[in-house]
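2 protein chains.
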Amino acid sequence: MMQNNLDPIDLEILRLLQKDATLNNKELSFKLNKSIATVHDRVRKLKEQGYIKRVVAILDRKKIDRNLLAFSHVFLKAHTAETLVEFETEVAKFSEVMECFQMTGAYDFILRIATSDMDAYHLFLRNKLATLPNVSTVQSFFVLSETKSDTAYPL
Amino acid sequence: MMQNNLDPIDLEILRLLQKDATLNNKELSFKLNKSIATVHDRVRKLKEQGYIKRVVAILDRKKIDRNLLAFSHVFLKAHTAETLVEFETEVAKFSEVMECFQMTGAYDFILRIATSDMDAYHLFLRNKLATLPNVSTVQSFFVLSETKSDTAYPL
DNA sequence: TTTATTTCCGGAAATTTTTCAGAAAAACAA
DNA sequence: TTGTTTTTCTGAAAAATTTCCGGAAATAAA
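Residue numbers (this note's numbering), protein chains in the order written: chain B, 22 to 176; chain F, 22 to 176.
Think of the hints as simulated: they come from the structure by calculation, not from any bench.
Where hints are given, some of them may not hold.
Which bits of chain F does chain B cover? Going by a derived footprint, with three or more residues having C-beta under 8 Å, they are [stated by the list, open to error]:
| hint | stretch |
| --- | --- |
| 1 | 45-57 |
| 2 | 76-82 |
| 3 | 85-98 |
| 4 | 117-127 |
| 5 | 142-156 |
| 6 | 167-176 |
Listed below are the simulated DSS-like cross-link pairs for lysine-lysine, each with C-alpha atoms no more than 30 Å apart in a straight line [said to hold, decoys possible]:
| hint | chain 1 | residue 1 | chain 2 | residue 2 |
| --- | --- | --- | --- | --- |
| 7 | B | Lys55 | F | Lys149 |
| 8 | B | Lys40 | F | Lys114 |
| 9 | F | Lys114 | B | Lys114 |
We put the beta carbon where it would ideally sit given N, CA and C, even for glycine.
Please build the complete structure, drawing on both the sequences and the hints.
Okay, structure coming up:
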C-alpha cells in the first residue's frame, strides 16, 4: 500500500468503524471475509496513515445537561490577520464552543454552542463571547430538533 | 448506582473516553487509580445507561475527498407538520447531508453539507436539495477554515 | 452498634490482540 | 510465457486484555 489509494477492503473497514468503532478484529474479519491478521494489519495502517484521526465516545448530550444547541453567527469589526487569529484563539478557549468555523460570505464565523439552557447561553453571550475584542455583532439561532446527526461520511 | 447521578469517577471516565475511546481498562484504571475490574464495571454501566451513545472512528475528511464543508440555510414555503416531516425525511436521505437541524428564527433548517468540491456542492444543490417540494430559498455558506472541532463536551 | 446494601478488588478463565514465518497472490521484467 | 520480486494474506502461537466471580471494604439504613 505504497500509493495513497484505498481498496474496497479499506473502504469497508472505514465504513464500519465510522458507525461502530467497538467492532473488534474478529467481528470485522467475519464481516469482511478476511483473516483476523489481515484486518488487524489494515486497521493499523489506516490509523498510521491518518485516515482514522481518532476514536471517540459520543455521549448523549441531553443526559449530561447540554439541552440547548445554538449556532452563533459572528461579525467582526476588523479583518486583519491578527484580528482573525486573536478571535479564533480566544473563542476556542470557551468550553461552550464545540466548533468554530471561519466562513465565506455574510458573516465571519459560525460557532456551535452547547449549553444547559437559555440562561446559560445568555451568560455565555454576555460574559464571554460579546466581551472579545473586535466582535461587532452576534446573531443567535437555536436548534428546535436534531433531524439528522452523523459523524460518518459515506464511502 | 440506582440514582441517575454521575460521581467523579464516572465523569472522569466520560471525559477521557470522549477524547480517546481506544484507552483500554488497564490504562483507564491507571489514570483513575482504581482497579481494572472497577473501571470495567463503570464503563459497562455508562454504556448500558446510555451516557455513551456510541463509539466511532473520526476520519480525516480531507483524506477521503470531502474538502468542502458548507452550511445551508433552508427556508420552506409552508410550515405544516406534514411539510416539515417530509422535508426532514427526504433531506436525511442525501449522503452529502451530515447534519440537519430545525431552527428557531429567520430560517427553518440548517444543514451541514460535506462534498468533494464546489462542483459537487453545486450539483447537490441543483439536483437534490432544490428539487425537494416546498423548499423556498437556500442560502449557502462555505467553511474557509476549521478553527475548533470538538465532539467532547466538557464535564 | 448491627445489619443490609453497594462498591470495590484480586485473581482466574475466556477472549482478543499482536506477532511471525511461510504460502499465496500480484506486479514486473525479460 | 517464465522467473523474480514485492506485496498481501493466512493460521498458529504468544502476549495482552476483557470478563467473570467470590469475598472484602465502604457506605447507608435500622
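Hint check results:
1. 45-57: violated (count 0)
2. 76-82: Holds, because 7 residues of the stretch 76-82 of chain F bring their Cβ atoms closer than 8 Å to Cβ atoms of chain B.
3. 85-98: Answer holds; 4 residues pass the 8 Å Cβ test.
4. 117-127: Held - the stretch 117-127 of chain F has 10 residues with a Cβ nearer than 8 Å to chain B, which meets the minimum of three.
5. 142-156: With 0 residues close enough to chain B, the hint is violated.
6. 167-176: Holds: 10 residues of the stretch 167-176 of chain F have a Cβ under 8 Å from chain B.
7. B/Lys55 x F/Lys149: violated, 37 Å
8. B/Lys40 x F/Lys114: Between lysine 40 of chain B and lysine 114 of chain F the Cα gap is close to 16 Å, so the pair holds against 30 Å.
9. F/Lys114 x B/Lys114: violated, 35 Å
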